[in-house]
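Once you've looked at the hints, dock chain B against the given chain A.
Residue strings, one per chain:
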Amino acid sequence: MSATTFPSEAPPPEFVTEPEAAAGPRRVRRWYTQPALLGGVILLALILAAAIFAPLLSSYNPITQNLTNTLQGPSAHHLLGTDQLGRDTFARLLYGLRNDLRIAFIAVLLPFLIGVVLGSISGYFGGWVDTVIMRIVDIVVAFPFYVLVIALVFVLGPGQRSIYIAITLIGWVSYARIIRGEILVAKRQDYVLAAQSGGLSSVRIMARHLVPNVISQAILYAMSDIVQDILAIVTLGYFGLGVPPPTPDLGSMINDGQNFLTTHWQLTTFPGLAVVIVGLSLSLIGDGLADIIRPGQA
Amino acid sequence: MTFVFQRLLMLIPVAIGVTIIVFFMIHLIPGDPARTILGIHATPKTVAILHKQWGLDRPLISQYWLFMDRLAHGNLGQSLYYSTPAAGLIVDRIPATLWLVVYAAILAIAISVPMAMIAASRKDAIRDHIVRAVPLVGLGMPPFWLAILLIYVFAINVHWFPTSGYGVGIVGHLHSMFLPALVVAIALSPVVIRSLRASMLNVLGAEYITTAKSKGVAGPALFFRHVLRNAVIPAVTVLGINIGFLIGGTVVIENVFAIPGIGQLMINSIFQRDFPVVQGVTLVFGALVVLVNLLADLSYAALDPRVRFDR
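Chains A and B, in that order, are what the protein sequence lines are.
Under this note's numbering, the first residue of the first sequence carries the number 68, and numbering increases by one thereafter.
Under this note's numbering, the first residue of the second sequence carries the number 319, and numbering increases by one thereafter.
Looking at chain A on its own, in the form it has when it is part of the complex (with noise of 0.2 Å):
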């Protein structure tokens, strides 16, 4: 689950016994100035684009079969060719990235917000609450990832639901991870104790005060965790328990490609670049964001 961390590092000595560096922060960097942010925005843009704009950039349908023109190579009519149903490989390219892509960014929205509150619970009120909910963190983290959501989706029925289903049950513990540990540090500052004698209710000061000067944390995490989610998404769909086809998925293009391999290899190559690229660009952003959120850590 941990399939990110960023550990603190200690800054170099001669950095900290620079005179401007004591005098305050070094310098504030825009987010457009930080390169790893910036070439991740613009792929993530394009990336979004060519999923959005899908039927823009293709005229044909991904589901309709031409039984007539199968397993054709690349040409200017079909960009990358054929299947074996005679679908256009580039049209069944665009519109799975949308559906992955699609399922991905709505299935990181609910762990995200149960794994804060949950957190943050836990991290401000400690005690019994605090056992109760990190042993059930334990327990879900004791099962592997993908053991735990093709097993959950199995039993649930392959399908989208129960996509969302299981990530929402495995992924929230990262979360409420992350946002506890930050809690349990946070709780102890001033502001906090200064909003405690003012007299204002435990919700107020953890939603008001609290959790947005944690939140960054967990949106840091969030973006290895999509690109986690796209890869469980591709991989229940590999195993054809994810979209059920006809609906274009990569994973199960990478799938139906594998039989072609030596033959059209650009069947099965394409779809995974395209999950690479993707992961690539969230990568960035997460990097470029931890370095303005943290500056002096790698």
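Any given hint could turn out to be false.
Here are some chain A residues pointing at chain B (derived, C-beta under 10 Å) [as the list claims (entries may be wrong)]:
no.: 1; residue: Gly224
no.: 2; residue: Leu298
no.: 3; residue: Leu328
no.: 4; residue: Thr329
no.: 5; residue: Gly346
Going by beta-carbon spacing under 10 Å, a handful of chain B positions derived as facing chain A [what the hints assert, rightly or not]:
no.: 6; residue: Ile347
no.: 7; residue: Gly456
no.: 8; residue: Gly566
no.: 9; residue: Phe593
Note that these hints are calculated values from the structure, not bench results.
The beta carbon of each residue, even a glycine, is placed where N, CA and C say it ideally should be.
Below, chain B without anything else, positioned relative to chain A:
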């Protein structure tokens, strides 16, 4: 010893929780679980047999008790497809999975330690940036896709490795499972490289390194005797934390390479709608992760005396 004892004590709630989750899998099945699982094979008789086997007509707590009672006797239920005990099917397939996990862990260390050393040896140099770019690409790579490409290149085009299988004998295993283990190792390495690089940089900034430097220790001696030794401990922890990821990766990879491990059994059983086996495999995977985590924690304590004194 108290650390070991405390750690073992913490194991109990997690172990019970794991069995509860696996037990509840039955109740997540929409509709009548027996009818859904049997599908077209559902006759009043077969449904009644499953109801009796799972105790579905009893209260929940009594069902769980039945489940635990059978579990204590090593009974994971009867495979619906093979009509043999599920436990036997699973036990037969554990060796292949363990081979893959250990092989992949060794390859992951063989890949990650040198890469992290190269990156940490000079922070922010070009080589550091190159190593740091690797995880960005690696994190989003579907492992099964990489596996298919490697099969295409190294097994079909140049016949260096077989396309699938487990091999015969130790040399055969090492040869046949190289590509599968490599894929799992590559999938794991981004996380390990990242953490290792950070911990090596941390070690480089530590006071005992300054001391060693001021005593005149330099170059390779400093790196191998002082830095690497202390950075290996976090490597073990990172592997331990990600053991779930490592073991989970084998499910996917075993199926691409047709390795007769429990991951392949799981996916096959899903296609055969063999619920007891899927349930049993899930439990075994959970137990495996809990066990390996325990071993990682204990070896961590053995490697680093500070852990024991902290407690």
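key: B/Phe593 as an interface hint toward chain A, with CB separation required under 10 Å   = With a minimum Cβ separation of about 8 Å from chain A (threshold 10 Å), the hint on B/Phe593 holds.
request  = Tell me if A/Leu298 is really an interface residue toward chain B, meaning its C-beta lies closer than 10 Å to one of theirs.
outcome  = For A/Leu298, the interface hint holds, since the closest Cβ of chain B sits about 6 Å away, which is under 10 Å.
message = Hint validation: A/Gly346 versus chain B, beta carbon distance must be below 10 Å. Holds or violated?
response = 1 Å, holds
Interface hint compliance - A/Gly224 to chain B, C-beta minimum distance less than 10 Å = Holds: closest Cβ of chain B sits about 6 Å from A/Gly224, inside 10 Å.
request  = Using 10 Å as the Cβ threshold, decide whether A/Leu328 counts as touching chain B.
outcome  = At about 5 Å, which falls below the 10 Å cut-off, the nearest Cβ of chain B leaves the hint on A/Leu328 intact, so it holds.
ask   = Against chain B, is A/Thr329 within 10 Å by beta-carbon distance?
value = Where the cut-off is 10 Å and the nearest Cβ of chain B is about 6 Å from A/Thr329, the hint holds.
task = With chain A as the partner, please determine if B/Gly456 meets the hint condition of a C-beta pair closer than 10 Å.
result = 8 Å, holds
When the least beta-carbon distance from B/Gly566 to chain A is tested against 10 Å, hint result = Status holds, d = 3 Å.
request  = Answer holds if the nearest beta-carbon of chain A is closer than 10 Å to that of B/Ile347; otherwise answer violated.
outcome  = 5 Å, holds
Of the numbered hints given earlier, the model fails none.
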